[in-house]
Structures are given as structure tokens and as C-alpha cells.
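Participant: We have chain A already, so just place chain B on it with the hints.
The listed protein sequences correspond, in order, to chains A and B.
For the first sequence, the working numbering assigns the number 1 to the initial residue and increments by one for each residue that follows.
For the second sequence, the working numbering assigns the number 119 to the initial residue and increments by one for each residue that follows.
Bear in mind the hints are in silico, worked out from the structure with no lab data behind them.
Mixed in with the good hints, there may be bad ones.
[To be verified] Below, a list of computed lysine-lysine pairs in the PhoX-like style, where the Cα atoms sit at most 20 Å apart: (1) A:LYS88 / B:LYS378; (2) B:LYS164 / A:LYS41; (3) A:LYS41 / B:LYS225; (4) B:LYS378 / B:LYS225; (5) B:LYS214 / A:LYS32.
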Amino acid sequence: MNRPFHPILLAALLLGIAAHGISGEVPVEPLKNPFAGDAWKLPTNQVTLKNAPGLELIQANCVMCHSLDYVSMQPPLTRAQWTAGVDKMRVRFGAPLTTNQIPAIVDYLEANYAPKKP
Amino acid sequence: MKWISSSRRDFLKRGAWAAAGLPWLAGQAQDLVQMPFENGERVMAKYPQKRPLIQLTSRPPQLETPFSVFNESLLTPNDAFFVRYHLTNSPPPQAKLQPDVFRLTVKGNVTTPLTLSVEELRTRFENVETVAVLQCSGNSRGFFQPRIAGGQLGHGAMGCARWRGVRLADVLRAAGLEPTARQVVFNGLDTPFLPATPDFVKALEVDLALQPELLLAFEMNGEPLPWLNGFPLRLVVPGYYGTYWLKQLSEITVVDAEYKGFWMSTGYRIPDDPCAAIAPGTTPKRTVPIHRMNVRSFITSLTDGAEVRVGTPVLLRGIAFDDGQGIREVLVSVDGGRRWEAASLGRSVGNYAFREWTLPWDPPKGGRYTLMARATNRLGQSQPLEPLWNPAGYMRNCVEPVAVNAV
Numbered sequence: 001m002n003r004p005f006h007p008i009l010l011a012a013l014l015l016g017i018a019a020h021g022i023s024g025e026v027p028v029e030p031l032k033n034p035f036a037g038d039a040w041k042l043p044t045n046q047v048t049l050k051n052a053p054g055l056e057l058i059q060a061n062c063v064m065c066h067s068l069d070y071v072s073m074q075p076p077l078t079r080a081q082w083t084a085g086v087d088k089m090r091v092r093f094g095a096p097l098t099t100n101q102i103p104a105i106v107d108y109l110e111a112n113y114a115p116k117k118p
Numbered sequence: 119m120k121w122i123s124s125s126r127r128d129f130l131k132r133g134a135w136a137a138a139g140l141p142w143l144a145g146q147a148q149d150l151v152q153m154p155f156e157n158g159e160r161v162m163a164k165y166p167q168k169r170p171l172i173q174l175t176s177r178p179p180q181l182e183t184p185f186s187v188f189n190e191s192l193l194t195p196n197d198a199f200f201v202r203y204h205l206t207n208s209p210p211p212q213a214k215l216q217p218d219v220f221r222l223t224v225k226g227n228v229t230t231p232l233t234l235s236v237e238e239l240r241t242r243f244e245n246v247e248t249v250a251v252l253q254c255s256g257n258s259r260g261f262f263q264p265r266i267a268g269g270q271l272g273h274g275a276m277g278c279a280r281w282r283g284v285r286l287a288d289v290l291r292a293a294g295l296e297p298t299a300r301q302v303v304f305n306g307l308d309t310p311f312l313p314a315t316p317d318f319v320k321a322l323e324v325d326l327a328l329q330p331e332l333l334l335a336f337e338m339n340g341e342p343l344p345w346l347n348g349f350p351l352r353l354v355v356p357g358y359y360g361t362y363w364l365k366q367l368s369e370i371t372v373v374d375a376e377y378k379g380f381w382m383s384t385g386y387r388i389p390d391d392p393c394a395a396i397a398p399g400t401t402p403k404r405t406v407p408i409h410r411m412n413v414r415s416f417i418t419s420l421t422d423g424a425e426v427r428v429g430t431p432v433l434l435r436g437i438a439f440d441d442g443q444g445i446r447e448v449l450v451s452v453d454g455g456r457r458w459e460a461a462s463l464g465r466s467v468g469n470y471a472f473r474e475w476t477l478p479w480d481p482p483k484g485g486r487y488t489l490m491a492r493a494t495n496r497l498g499q500s501q502p503l504e505p506l507w508n509p510a511g512y513m514r515n516c517v518e519p520v521a522v523n524a525v
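Isolated chain A (complex conformation) (with noise of 0.2 Å):
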């Protein structure tokens, strides 16, 4: 744990310095293609939000753009802070909802990703 940083790692950081420096010079090897080949694949694994009443409604109208994780990563957030989120999507992200469909998923997500009630 208390070794000094990985010797040969530093070392061919400082020559690679040394050798390349900030001054130029012309290539001559081809840039390598690390797709040559290859078809990777993203993974797939997906999160879903808590089993409630009302989670039809987001994933009607949340998982066109990201993943659920990005609610599901959140703080504990108050109502106002849920209600500006989902009007964020709304107004700047253009996310095709109707201001009257808001009060019904900001139901479901204070219910169930809000503080707790002491």
C-alpha cells in the first residue's frame, strides 16, 4: 500500500517526455484501428425503478432518453426539487410531456425517492 508509484509506469512517463518532448516530428508507423474487426457491444443492464403505483408513467415517458439510473442515483429529493427536475426535461431537454401529466409522475417519485418523513 505505501509502495512508491509503479516504477516502470513513471519511467517510461519521464522518457516518453524526454523523447517526444512538445516539439514535432512526422509519423511514420499507421495509426492503429482498434475497431479492425471488432463489433463491440455496449452492455445492456438496464435498471428499473421501484415496483409502485404510477412507475407505468415513467417508464411511458422516461426511458426514451437515459436509463432509469439516472433517477434512481439521486439524493433523496423534495417534491419542488422533483417538480423543477421533470420540468427541466420538459422545457430544455424537450421531453414530450404536457404540463398537466407532471403532478402525476412527481406522485410517484416523491412517494418513492424523496427524504424521509421523520
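Facilitator: This is chain B only, laid out in the frame that chain A set:
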């Protein structure tokens, strides 16, 4: 920072995790970690070209570097480097990134618009390298009190790499700036799901864009950029927050007026005062786009809750960085900030890089010790002892105490 939940014993039982000194608790499965703040449970997720990283979100991907990585080397390995995208279609599909398909265009208020492949960029312009820290504006947001909506990050949305590319200034000069040029606008290939969502576009003043430190980079630590870190081309703006370091950079537009897109005029703004801070919970009177990084330092060799032995000296170690002025001094306290001692600074690998610091420490007697590191740069700028606050949760840079037990 404190342990949460009762599973501290679970953590200690896990030899590998404990040895790595991770500040989080291992959960039920090997692939869960608990960040040290409320609602901080995260999956360790495996993405292409990456080791398992702390997943904040999966679509688009936002991945954080486990903090123990910063104790392993000054350069953050590519496979551990954090990932931050904003828009749904990110990273852009590989078909658009193949060498024969991907092009960078330079247009707008220029005399000679350019369309260049990465190979053309690389062979036509001088190749240069710089070692620089890339840090997300919202790094450490999870520690803000009161908490703030957004990416709930620990300290792992930062990294230091050796970037290789060509100077942005050389490319702009080849295109020939018109005298009316005022800002340079950057766009990448990531796109939103709906056209109504503002594209992720950022702008820099022309004077800044012409500084020789700014690179159009195609390599990171001697390898092509990873897909999730911008392959095949990204902007490198040493000293500035990551929001400007556009990935899969495909379009540079020189404009004669201030660019007013969402991610400049509404997103990524800070209170317009020298500390970028206001009273917690209030609203700033005036804001400006976030810009240069402030001074930070971390203890990396010991993490919260670690045990040290009385009579066995340990080497306290960590990193410090700023926006490129250069670190002048790191002071270390082992008694919660009452007395401070100067640490030795490791060799500098560049003013924009992580700087190593070390200080031997011999715990004199058993008990609890609060360790702190505090860096100062060559301008005399330092770190506050208490956290500052702003409404978006940006730029945390206070001293981060680490509590250890001597036995």
C-alpha cells in the same frame, strides 16, 4: 466521509477489497460497491476496453474510476479512465468512427474550410504530447451538502493521461481565421434521441483556442483513444474542466459572435465570483460558463477507516493538481488540521499533470487520527478547509480528511 450501513464487517472480510484500500463497502455480490454517501450503491460494470468501473448510468454511459487506481500510478490507465457522456446516442456507433469514414471539418469564419481524416491531421501537422489532468466539472458532487441533483460522483471522475495529437492552433491557422473570428465552437458525433434536446456543443474564445497547449488528440497513454474516451479524436484543453474536452470531435466552427447553445448559456455555469460559491441552497445573481480548474489534493495511500500500526512507519502519499500554474507545496496534517508539515513533492511531469507527494509518518500511539492534505499552487491559490457550495455541484476542492486507526 463515513461508513454507512452495518456491512463494514462484510467489507473487511473481503480480503482483496480491503487490501486495495477502497473507501467503499463491498456489497452482497462482488460487483456492487457502496459510495460513502446516501443512496450510493453502484454496480461495477464491464464496458468494452474497460476494466469493471463504478457505473452511475448505463445509457448513455457514465462510469467512475475506483479511487484505489489513483494510488497505483501517476498516469491513469486507459482501461480505468472515467467516462462521461450526455446524450442518448453515445458513444457514437463504430461505423461512424472507422478511419475511412470519420472526418473532422473546420468551417465558419475561416478562409479555407478543411475536411480532414485523422491520418491527414496526423501527417500534415506537427505531433505533440502533453500530460494533463482531465476532471469532470461535477467530480465529487455526491459529497455536496445539501445534496444536488445530477451525476452522484465520488472523487473518481478525474484522471491524468499523456495525450498525443496536433495543436488546435496549427489547424485553425491552416484554415485561416477571418478577422471577425470571436469564438470557436466544437461538436462531436454524439446525438440526442429527440431533435428537441440540445446537441452537446461547446465554445471557447478564439484567444484560448489559439493557445499552443490545446490539442486535437488521437492517442492517450501511447494507445489510440478508447471508444468511450473519444476515439478517434478528442479536444484536450489542459487546465480546463472536462466539459470542453469534446469526444469524437467532428466539427469545428469559427463564429463571429458569442455562441448561445444550451450547454454554454444554461448548463455548466458557475456563480460569477472568484470562489464560484454561494450560500448553500441560494441562487446566484450572475453566472459565467465554468472554466479553469481549482487546486485539489488527495491522500491516496490510506483510505477512511484504514488501520496503521504503532511503531511501524508508513509513507503517506497522494496527488495534487491545479489548472497548470504548478503545485508549489503540499502540507499534511495528522491531527485534524492543528499542525501541518510540508510533504516532499515528486518529480514534475508537467504543470497540468498529477503531482505526487509523500510524507513518512510514524503513528506515535494508538487511537484515531484525522489525516489531511492541502496543496498550494504557484499563484498562492489553495484549498478551503470547509466545502464550498454552488447550485450545480461543481468544482469541489476542499481538503478531504481521511480518518485512520492506529493499533
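Participant: Does each hint hold? Answer for all of them.
Facilitator: Hint check results:
no.	hint	verdict
1	A:LYS88 / B:LYS378	18 Å, holds
2	B:LYS164 / A:LYS41	11 Å, holds
3	A:LYS41 / B:LYS225	33 Å, violated
4	B:LYS378 / B:LYS225	18 Å, holds
5	B:LYS214 / A:LYS32	16 Å, holds
Against the hints set out earlier in the document, a violation occurs for number 3 only.
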